[in-house]
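Protein chains: 2
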Amino acid sequence: MRLATIRTADGTRAGRVEGDDIVLLDASDVGAVLRSGRDSTAVAMADGPTVAWADAHPAPLVTHPDKIVCVGVNYLDHIAEMGRERPSAPTYFAKYRRALIGARDDIALPPLDVSTHIDWEAELAIVIGNEVRHADRSEAEAAIAGFTVLNDVSVRDYQRRTTQFLAGKTFEGMTPLGPVMVSTDEVGDGSGLAITTEVDGVVKQSSNTSELCFTAVDIVADLSRIITLEPGDIIATGTPGGVGAARTPPEWMTDGTVVRCAIDQIGETHNICRR
Amino acid sequence: MRLATIRTADGTRAGRVEGDDIVLLDASDVGAVLRSGRDSTAVAMADGPTVAWADAHPAPLVTHPDKIVCVGVNYLDHIAEMGRERPSAPTYFAKYRRALIGARDDIALPPLDVSTHIDWEAELAIVIGNEVRHADRSEAEAAIAGFTVLNDVSVRDYQRRTTQFLAGKTFEGMTPLGPVMVSTDEVGDGSGLAITTEVDGVVKQSSNTSELCFTAVDIVADLSRIITLEPGDIIATGTPGGVGAARTPPEWMTDGTVVRCAIDQIGETHNICRR
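So the protein sequences, as listed, match chains Z and R. The first sequence begins at 1 in my numbering and counts up one residue at a time. The second sequence begins at 276 in my numbering and counts up one residue at a time.
Honestly, the hints are just simulated from the structure, not real lab data. Each hint should be verified, as a subset may be incorrect.
[Stated by the list, open to error] To list a few chain Z residues with every Cβ distance to chain R over 12 Å, as calculated:
#1 SER40
#2 ARG97
#3 VAL155
#4 GLY168
#5 SER191
#6 THR196
#7 ASP233
#8 THR257
[Stated by the list, open to error] Computed footprint of chain R on chain Z; a stretch qualifies when at least three of its residues, placed anywhere within it, have a C-beta under 8 Å from a C-beta of chain R:
#9 81-91
#10 156-162
#11 198-205
[Said to hold, decoys possible] Derived coverage of chain R by chain Z (criterion: at least 3 residues anywhere in the stretch with Cβ under 8 Å from a Cβ of chain Z; other residues may be distant):
#12 356-365
#13 372-385
#14 439-452
#15 495-508
Just so it is clear, CB atoms sit at the ideal spot from N, CA and C, and this is done for glycine as well.
So that you can see chain Z by itself, here it is in the shape it has in the complex (with noise of 0.2 Å):
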């Protein structure tokens, strides 16, 4: 199962992706439908108004989610190319629900004099279907809903001004999130899936989740020992190698950069970057 969630006259509304087709459903998101304890049978099997899929405008996958997660250094070959050793536990930070943008909208640049210093981050993210709170792997597992793309971009200048990433990670309208969430029973837990980053059709990211440090299981039961975590909480995984902070010279997005992040059986975010 393929869950969207797209703009419509009266807000955003939560649809299941069938073929060409969107059949819209009673709720405002997924995270709504997630929320709803609905049986994922019943969601397979609502009726609704069809859109074509085509014409649909992506909204942030959750739009109100209660947790956005991150983990960092997380792909062996991003650990590398930064310079830093294999981790013991997972690196954690935030980000708030205003960073996100769908999977579709332009990129909100920050002003030239707040920075200029744009990076992209493709990452496989974890959606949360059932609350969880000291949970085993097999607990773990049954939590996730499924799994989605998040384009953890970066302005590197403002992660790096202090010790604490969140500055750089959390600025508003910045973070593409979508445009579905495939089911686990379609997509397994994640791993094994080949993951790029194109800027402007040139290939800069390609690594495959088979590369995580931490799997999903792994960060799920983790977090779930700090706080429990709830149907819609996102969980971004860690972006592969060939971010634009590691390049020599350093490459940075501009106004008018094409940039989409695709996941193999998932699917792609594809945004436009606008000062």
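Fit chain R to the given chain Z structure using the hints.
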């Protein structure tokens, strides 16, 4: 004006503290009062049923903030004790909503096999009253509704297991917030206030908000370049010297520890740690 959020049989409720009483307002929490855009004079004059403040059970002052932003390394004396340099920009990290508890609630210690390194951090917290983005200093000042107390209880081994503080700062049910927000017309810009922590009756932190490197207005203006701040957002401004981790030997809170964080003219959190 002093606003609080208390627990009632029908859920949480905002109120205005008047002497020994609290006048209940038509809103579920202080966040809802601020988001409603009500004129502060109207809030100050609103009538309603009263309950004795001494008998009230404070909930987290804002139960569902859109953002909880924390500032690290922001007191000159704490910077010295942690061996850090004076920062050129504020250090930001986040907490999630489920970290928050009321100002008299028990602090939920994690299981012994998760962590025993539980520390205190008294903080002056800003409560945002108006939406603000790219604020100059006067807009930043006007966006602050008032101030409250936050005990940024920290799980030090989780805070330090990676470079990013989030994991050690957002444990569920460990961050007391409240019990009252004192409006800026009473407490000014939050500077010049004594701030203390007592642990089992012994003073551990004793400083003054004039020791802040980055003032409340500095922080609001800077954050607003990153993201829109909105009514009910909470910004904890950092903690002074005297934390348990910086003592020789280190001191940790354990089952039964009583911790009071007090700020002159505002109030105090007063909590017992329970495993």
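Each hint tested on the structure:
The beta carbon of SER40(Z) sits about 25 Å from the closest Cβ of chain R, which is more than 12 Å, so the claim that it is off the interface holds. Chain R draws ARG97(Z) into its interface by the beta-carbon criterion, the shortest separation being 7 Å against a cut-off of 12 Å. Not every C-beta of chain R lies more than 12 Å from that of VAL155(Z), the closest at about 8 Å, which undercuts listing it as non-interface. A cut-off of 12 Å between C-beta atoms contradicts the statement that GLY168(Z) is not in contact with chain R; the least separation is 9 Å.
Every CB of chain R lies more than 12 Å from the CB of SER191(Z), the least distance being 22 Å, so the non-interface label holds. With a minimum CB-CB distance of about 26 Å to chain R, THR196(Z) clears the 12 Å threshold, and the non-interface call stands. For ASP233(Z), the shortest C-beta to C-beta distance to chain R comes to about 9 Å, within the 12 Å cut-off, and the non-interface label is violated. Non-interface status of THR257(Z) relative to chain R is upheld: no Cβ of that chain comes within 12 Å, the nearest being about 20 Å off.
For the region 81-91 of chain Z, the stated coverage by chain R is satisfied: 5 residues place a CB nearer than 8 Å to a CB of that chain, which reaches the threshold of 3. With 3 residues bearing a CB less than 8 Å from a CB of chain R, the region 156-162 of chain Z meets the requirement of three and the coverage assertion stands. For the region 198-205 of chain Z, the stated coverage by chain R is violated: 0 residues have a C-beta nearer than 8 Å to a C-beta of that chain, whereas at least 3 were required. Figure legend: the region 356-365 of chain R, annotated as covered by chain Z; annotation consistent (4 residues with Cβ-Cβ distances under 8 Å, at least 3 required).
Residues of the region 372-385 of chain R with a Cβ under 8 Å from some Cβ of chain Z number 4, which satisfies the need for three, so the listed coverage holds. Chain Z is given as covering the region 439-452 of chain R, and this holds because 7 residues of the stretch bring a CB closer than 8 Å to a CB of that chain, at least three being needed. By the rule of at least three residues with a Cβ nearer than 8 Å to a Cβ of chain Z, the coverage given for the region 495-508 of chain R holds, with 4 such residues.
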